[in-house]
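Student: Residue numbers (our numbering): 1454 to 1602.
Mixed in with the good hints, there may be bad ones.
30 Å max Cα-Cα, derived DSSO-like pairs, lysine-lysine [what the hints assert, rightly or not]:
1) Lys1547 <-> Lys1478
2) Lys1566 <-> Lys1591
3) Lys1566 <-> Lys1552
4) Lys1510 <-> Lys1547
5) Lys1478 <-> Lys1510
6) Lys1575 <-> Lys1478
Distance ranges between label pairs, derived from CB positions [as the list claims (entries may be wrong)]:
7) Glu1498 <-> Ser1573: 44 to 52 Å
8) His1558 <-> Ser1520: 23 to 31 Å
9) Glu1602 <-> Ala1518: 42 to 50 Å
10) Leu1485 <-> Asp1588: 18 to 26 Å
11) Glu1602 <-> Val1514: 20 to 28 Å
12) Ser1475 <-> Leu1599: 33 to 41 Å
13) Thr1589 <-> Glu1545: 18 to 26 Å
14) Val1569 <-> Glu1535: 16 to 24 Å
15) Ala1518 <-> Lys1552: 19 to 27 Å
16) Val1477 <-> Ser1573: 18 to 26 Å
17) Gly1513 <-> Glu1551: 34 to 42 Å
In short, the hints are calculated from the structure, not lab data.
Idealized CB from N, CA, C, for every residue including glycine.
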Amino acid sequence: MSFITRSYLNVMPKVKQSSAFSKVKEDHQAELVEDYVEEIADLFESRGEVRSADLAKRFGVSPAAVSKFISRLRSAGLVESEPYRGVFLTQEGKQLAEKVARRHHIVYETLIKMGVPESSAKADAEGIEHHCSEDTVKAMQRYLMLSAE
């Protein structure tokens, strides 16, 4: 083990380090769930059906990775799927997709209103949307309403 690697091992106490990594992992999983349900909703709206192959292409991952994640979404009650039949959002999945799309739109429009170039706003909104509290989203919404007057 090199000095550089060892020097980072004790930056945080073990318990806090473990819980910090757990939080990051949970946040990343939540982002993936939100991205998947949002993408399923978008594909269903534009094509009328969603196949695992479509999702694999959109996310740039293998069909096996998509199938594994779809199983997790099914276990969470967010999607229904059957082999050769496609993927469909449950009512709970639709509600989450609508919430995520609304939050994305508000973040994107706020960035545009602030003068961020469109291409940057699109990319930034995709990352920011997952890390905004509901209070922040409401404040952004108020900002948009006030600046429209």
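Student: It remains to establish, for every hint, whether it holds in the given structure.
Tutor: Hints, verified against the model:
1. Lys1547 <-> Lys1478: 24 Å, holds
2. Lys1566 <-> Lys1591: It holds: about 15 Å lies between the C-alpha atoms, which stays within 30 Å.
3. Lys1566 <-> Lys1552: This hinted pair holds, its Cα atoms lying about 21 Å apart.
4. Lys1510 <-> Lys1547: 22 Å, holds
5. Lys1478 <-> Lys1510: 24 Å, holds
6. Lys1575 <-> Lys1478: 24 Å, holds
7. Glu1498 <-> Ser1573: 44 to 52 Å: Violated, since glutamate 1498 and serine 1573 (Cβ atoms, about 26 Å apart) do not stay within the stated range.
8. His1558 <-> Ser1520: 23 to 31 Å: At roughly 30 Å between Cβ atoms, serine 1520 and histidine 1558 fall inside 23 to 31 Å, so the hint holds.
9. Glu1602 <-> Ala1518: 42 to 50 Å: Holds, since glutamate 1602 and alanine 1518 (Cβ atoms, about 47 Å apart) stay within the stated range.
10. Leu1485 <-> Asp1588: 18 to 26 Å: 24 Å, holds
11. Glu1602 <-> Val1514: 20 to 28 Å: Check failed, 44 Å falls outside 20 to 28 Å.
12. Ser1475 <-> Leu1599: 33 to 41 Å: 39 Å, holds
13. Thr1589 <-> Glu1545: 18 to 26 Å: 24 Å, holds
14. Val1569 <-> Glu1535: 16 to 24 Å: This hint is violated: roughly 42 Å between Cβ atoms.
15. Ala1518 <-> Lys1552: 19 to 27 Å: For lysine 1552 against alanine 1518, whose Cβ atoms are near 25 Å apart, the range 19 to 27 Å holds.
16. Val1477 <-> Ser1573: 18 to 26 Å: 25 Å, holds
17. Gly1513 <-> Glu1551: 34 to 42 Å: Because 25 Å falls outside the window, the suggested range is violated.
Going through the hint list in order, the structure does not satisfy hints 7, 11, 14 and 17.
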